[in-house]
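J.: Since the structure of chain A is already known, use the hints to place chains B, C and D on it.
Protein chains: 4
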Amino acid sequence: MDVTAEPGLVGYSLPRTRTGRSSLVPPPPWHYSGDFLIVEYRCDPDAARAYLPPELAPGGDLGSAAAIFADWQSCSDGGDELLDPVRAQYKEFFVVLAATYRDEPVTRCPFMWVDQGMPLVRGLVQGFPKKPGSIWMTRPVTVGKAGPRLEAGGRFGASLAAADRRLAEATLTLTGVSEEGPTVNAPPLFNTRLFPAWEPEEEPLAEHVWAGGRDREASPVWEGEATLRFFESPADELADLAPVEVTRGFWLSFGYTVDGGRRVR
Amino acid sequence: MDVTAEPGLVGYSLPRTRTGRSSLVPPPPWHYSGDFLIVEYRCDPDAARAYLPPELAPGGDLGSAAAIFADWQSCSDGGDELLDPVRAQYKEFFVVLAATYRDEPVTRCPFMWVDQGMPLVRGLVQGFPKKPGSIWMTRPVTVGKAGPRLEAGGRFGASLAAADRRLAEATLTLTGVSEEGPTVNAPPLFNTRLFPAWEPEEEPLAEHVWAGGRDREASPVWEGEATLRFFESPADELADLAPVEVTRGFWLSFGYTVDGGRRVR
Amino acid sequence: MDVTAEPGLVGYSLPRTRTGRSSLVPPPPWHYSGDFLIVEYRCDPDAARAYLPPELAPGGDLGSAAAIFADWQSCSDGGDELLDPVRAQYKEFFVVLAATYRDEPVTRCPFMWVDQGMPLVRGLVQGFPKKPGSIWMTRPVTVGKAGPRLEAGGRFGASLAAADRRLAEATLTLTGVSEEGPTVNAPPLFNTRLFPAWEPEEEPLAEHVWAGGRDREASPVWEGEATLRFFESPADELADLAPVEVTRGFWLSFGYTVDGGRRVR
Amino acid sequence: MDVTAEPGLVGYSLPRTRTGRSSLVPPPPWHYSGDFLIVEYRCDPDAARAYLPPELAPGGDLGSAAAIFADWQSCSDGGDELLDPVRAQYKEFFVVLAATYRDEPVTRCPFMWVDQGMPLVRGLVQGFPKKPGSIWMTRPVTVGKAGPRLEAGGRFGASLAAADRRLAEATLTLTGVSEEGPTVNAPPLFNTRLFPAWEPEEEPLAEHVWAGGRDREASPVWEGEATLRFFESPADELADLAPVEVTRGFWLSFGYTVDGGRRVR
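Residue numbers (the working numbering), protein chains in the order written: chain A, 1 to 265; chain B, 1 to 265; chain C, 1 to 265; chain D, 1 to 265.
These are computed hints drawn from the structure, not numbers from a lab. Be aware that one or more of the hints could be misleading.
[Claimed, not checked] Computed, partial: chain D to chain B, Cβ under 8 Å:
(1) Gln73
(2) Arg139
(3) Thr142
(4) Glu217
(5) Ser219
Since the structure is predicted, the reported quantities are computational estimates derived from the model, not experimental observations. No residue lacks a Cβ here, since even glycine has one placed at the ideal position from N, Cα and C.
The following block holds chain A by itself, in its conformation from the complex (with noise of 0.2 Å):
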């Protein structure tokens, strides 16, 4: 049975209640502000490709990726989750891999986790592969002897785990202001929404989609030299994904507003 219209209980996502107060998450658009460590790397092209799906072509930089630490902190528009912020802050790890659709570059999201519970059912909505991890990056810092400052030589790490095992480290010393910025995570991102059918038999809902965002700003860049390492588990195959190769890192404050996107035709 479809649902028909239901006046008395709304809500975005459930539960669905007479205010829609209670969603676990709110409608968009949602507002995003947070800080970025950048890897960008090499991984094994074959490897990469395995990853792909079949509407995506491999491009002609197939192995390409960047390995990205977000912490952020996010609210929907009214945001009150913001005076709330065990509501609002959280933070990400995800890989992304060069592709192109239809000739044209897109990126493409293997693998994502998430260290909240919000932000892991609202990325689902939106298509990210995301599962819950640990996610800790360094902060910059303006003062004391605690942190890395933003110029030539600070130093930064940061590490992903999931179910007890690390999956992911990586250090960062910063060599300068970046003229170009990162550039393998700027082309759109091709993702794929899936949500399991209930009935025996059935189809999941599957649709790709374009993960969408407007308003971006960025802070100055920073960039610097990398290191970056991924490691086997039992229940995550980002290893699949090493680098064979590390290419730069970069840090930066961006934020951005989401608000719904579009199938891919």
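T.: Chains B, C and D alone, transformed into the frame defined by chain A:
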């Protein structure tokens, strides 16, 4: 674009890989074994009514409710999660309300919380309105002074918090073995699967489903006197369904298997 | 038996090993860089009085208090924790009360919570009455809509919970740069180190100490209007010191170094 | 300044208040009831030797060790924590090594981890070298397919992680009821209490103590074949004591009471 058959990338849920091994939610059947602390109670009938979708009728016992704390271990067929218990264990809290569908008794779950990400997402697939939370329940013990025995006088407590606010707490003092056992949560669960659309203006996937389940197995059931309190929160409206009267409490172990279900027709 | 010199096993804290590398707390000096949200307020003077040890006098401003939320990054000399930030980052909440010692202004910290184990133990070494808790604070951002700017109108929130009960929450709306900055927490902290005895009938190690600290460094300080609320809990008596009046709030970044201190004489 | 008797402020541990109710660690006696997964094994004898303080001799079985996973519920006399189980439940992992003290068998615990703050601090009072970690253990079940039965063939797993790195994992496949039960961890624990000094140049409080305990009670013990692995970490040297040979595994429930102890003389 709907996703065409992708022999290259498989998995019941994201992320899809060549092996399917990284998927957050493995395919059903899913096996569950857990301990339950159940408090049967009555809430304001008008409040209960407000939480029933139009397809359900109040039935003859509107306001009859149960608050259920569950301490679970769960695995997929093949069960390797059991040997890596960080991937198998979690705790939940949910409320069920008595209602009828086409004159037959059903239960409706308006609110649910879970303390791990995988069962959060798996629950949404099943139509449970799960949100992230923190749930704790006293465990019975057989030796030592730091826990109740499963015998008359054994005392249990349980709590639920979400977004760093306590939402519910309960106590249970056993009086003896229960002849009848809990009855409020016995009728089938009438769930709603909801997956928001991505394109603006499109309708979400929204369908009523039976939660299903087979091979139910229960231990002897203990019953006793219970207390139950709900608390206000700006982000969770559970207090709408606060107890007006607490009927009786129960403790039992329960196991079952879920392998998909049926849409409500 | 007092432990004789153990050249084989070394470490500032347990566990001691041949290298000292596994010790939970590394030896000082310890470096700290963090962001602070401070709410200066007044509590019931009699309640404040009850929390002062006999060595302290109320002074002329009994009831003057500050509630402090801190988002820290910390490292030992040599600082390898910074590149493994899971070992470097944590958040805290504490209250300080105005008092005097031998007619000189001091501050007294009756309650403190922290969200990680290492600074919990390190804090007890310093005489801070730390307990485990969950602390969250809005972070200022420079881009995007999901966070306040450090400018007039910027709005911050913060919360403390322990044992799954919210204990405190605060808001701060910036009005501008602060000329004077926070003053209540400026006088030296008069702490108490306490380590229970193991033999029955023996007295604990209990000594008053100055919390110490050097090389203090602060960013420009922002001030504004604040709100502050404390909540009851059976396990935490913070609500004894609830605000009767909220004076003013502040936001700043702060860094310093701690390398042991002095016993109060 | 040593703290003089403070009738105004009381508490076994900080924070001290008028009632003592907020103290992180309540006064003993402390009651414990838990489930244990024990793997008896042999490590490199030289590695074991390196972890024994000078007061202990290797004895005749140097290298004999046990890895112990414990899933605890604990309360103080009066026991109100049991009804608020967030304050009563935690999991631990520790290793014990065989040694002798004045020709009598003892055990020595070089490493220990716990997943909650209160037992972390209480453990340090007792001389256990506890650090914060994440510990998981399969629970036996009586119904359903999602857990082992306490019977031959029942399979258990357990893991320890700290600072987002997996440090240890074990499995246990039961073969039957154990006649003898575990023996390696039977001799009394020779612990070391260590509380750093605050004044530079002063010696820490450091004393060897017997861990103590009374009113020990155990369930029937199950034994079986076990596996055990330790992993490297820059912050934890557990891998020094990695298994060279795994002897046998055990599962049991255990309860006891601790109410202070005795210094080693």
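J.: Out of the numbered hints, which ones does the structure contradict?
T.: Every hint satisfied by this model.
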